[in-house]
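**Student:** Sequence:
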Amino acid sequence: MRITLTTSAWIEHEPTWIPGPEADALLEALRHELAWEQREVVLFGRRVLQPRLIAWAGDLGYRYSGQTLEPRAFTPAVERLLWRVRERTGVPFNHVLVNRYRDGGDSMGFHADDEPELGEDPVVATFSLGAPRRFVLKPRRRHGGERHTLDLGRGSLIVMGGTCQRDYSHGVPRQPRLLGERMSLTFRKILTAAGAIGAGPAGSVAR
1 MRITLTTSAW
11 IEHEPTWIPG
21 PEADALLEAL
31 RHELAWEQRE
41 VVLFGRRVLQ
51 PRLIAWAGDL
61 GYRYSGQTLE
71 PRAFTPAVER
81 LLWRVRERTG
91 VPFNHVLVNR
101 YRDGGDSMGF
111 HADDEPELGE
121 DPVVATFSLG
131 APRRFVLKPR
141 RRHGGERHTL
151 DLGRGSLIVM
161 GGTCQRDYSH
171 GVPRQPRLLG
181 ERMSLTFRKI
191 LTAAGAIGAG
201 PAGSVAR
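At position 72 of the sequence shown the residue is numbered 72 (the numbering used here), and the sequence of numbers has no breaks.
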């Protein structure tokens with residue numbers, strides 16, 4: 001399902017892109033395959049822990065929100081999913097950031113994926129596993145469009161494109177009564193300084 005946000009910004013949402021049983025098996029695999037971290041960030045002058053765990057994979061480093069993620073090898077489950085998302089979207093993604101929300105107390109603040117490494121108006125895809133969580137998009141400018149809320153369940157895929165990152169910010173708010181765990185895998189195409197596409201898994205050229 002495609003949702004038009006503005007004349008130039010859009011999202012696509014597939015609630016059951018991967019069936020439930022397969023999604024559950026992926027969740028279990030990622031729990032054990034990935035090296036999970038909880039990093040510190042500076043918030044209002046104080047160092048605090050991010051309200052979630054993170055892991056990642058990619059042949060190029062990536063900076064966001066004051067964090068630097070060094071290159072890290074793709075695990076088998078992440079690499080298989082990477083190729084499926086590439087095939088679905090037609091975008092040669094070369095980096096995956098995984099956020100692990102342990103329960104409804106974990107969250108993601110509003111932000112846009114507009115780092116220089118991603119180029120102008122990048123396409124960004126997010127695949128969800130585990131408990132459903134609320135995903136909110138809100139305009140970055142006054143009178144710039146409507147606010148949208150989606151419930152992203154296990155096996156769902158959302159693709160943000162056009163000027164979505166320029167016009168909208170997105171986040172995952174706290175839901176304190178929610179007990180279930182959720183993982184989200186966000187796929188990005190990171191560009192080199194020269195604007196070339198980075199290498200794919202195992203050093204192969206993106207295909």
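Some clues are possibly wrong.
Unchecked claim - Between beta-carbon pairs, the in silico distance windows are:
(1) 163 - 15: 19 to 27 Å
(2) 180 - 6: 13 to 21 Å
(3) 105 - 42: 15 to 23 Å
(4) 36 - 111: 16 to 24 Å
(5) 41 - 136: 19 to 27 Å
(6) 41 - 116: 33 to 41 Å
(7) 173 - 73: 27 to 35 Å
Note that these hints are calculated values from the structure, not bench results.
Where a beta carbon is used, it is the ideal one built from N, C-alpha and C, also for glycine.
**Student:** When you take the CB atoms of residue 163 and residue 15, is the distance between them in 19 to 27 Å?
**Tutor:** Given about 24 Å between the Cβ atoms, the range holds.
**Student:** Between the beta carbons of residue 180 and residue 6, is the distance compatible with 13 to 21 Å?
**Tutor:** For residue 6 against residue 180, whose Cβ atoms are near 33 Å apart, the range 13 to 21 Å is violated.
**Student:** Verify the CB-CB distance for residue 41 and residue 136 against the hinted window 19 to 27 Å.
**Tutor:** holds, 20 Å
**Student:** Note whether the CB distance of residue 105 and residue 42 lies within 15 to 23 Å or breaks it.
**Tutor:** holds, 21 Å
**Student:** Cβ-Cβ distance between residue 41 and residue 116: within 33 to 41 Å?
**Tutor:** violated, 20 Å
**Student:** Determine whether the Cβ-Cβ distance between residue 36 and residue 111 falls within the hinted range of 16 to 24 Å.
**Tutor:** The hint (16 to 24 Å, Cβ to Cβ) holds, given that residue 36 and residue 111 are roughly 21 Å apart.
**Student:** Do the beta carbons of residue 173 and residue 73 sit within 27 to 35 Å of each other?
**Tutor:** holds, 33 Å
The structure fails hints 2, 6 (numbered hints given earlier, in ascending order).
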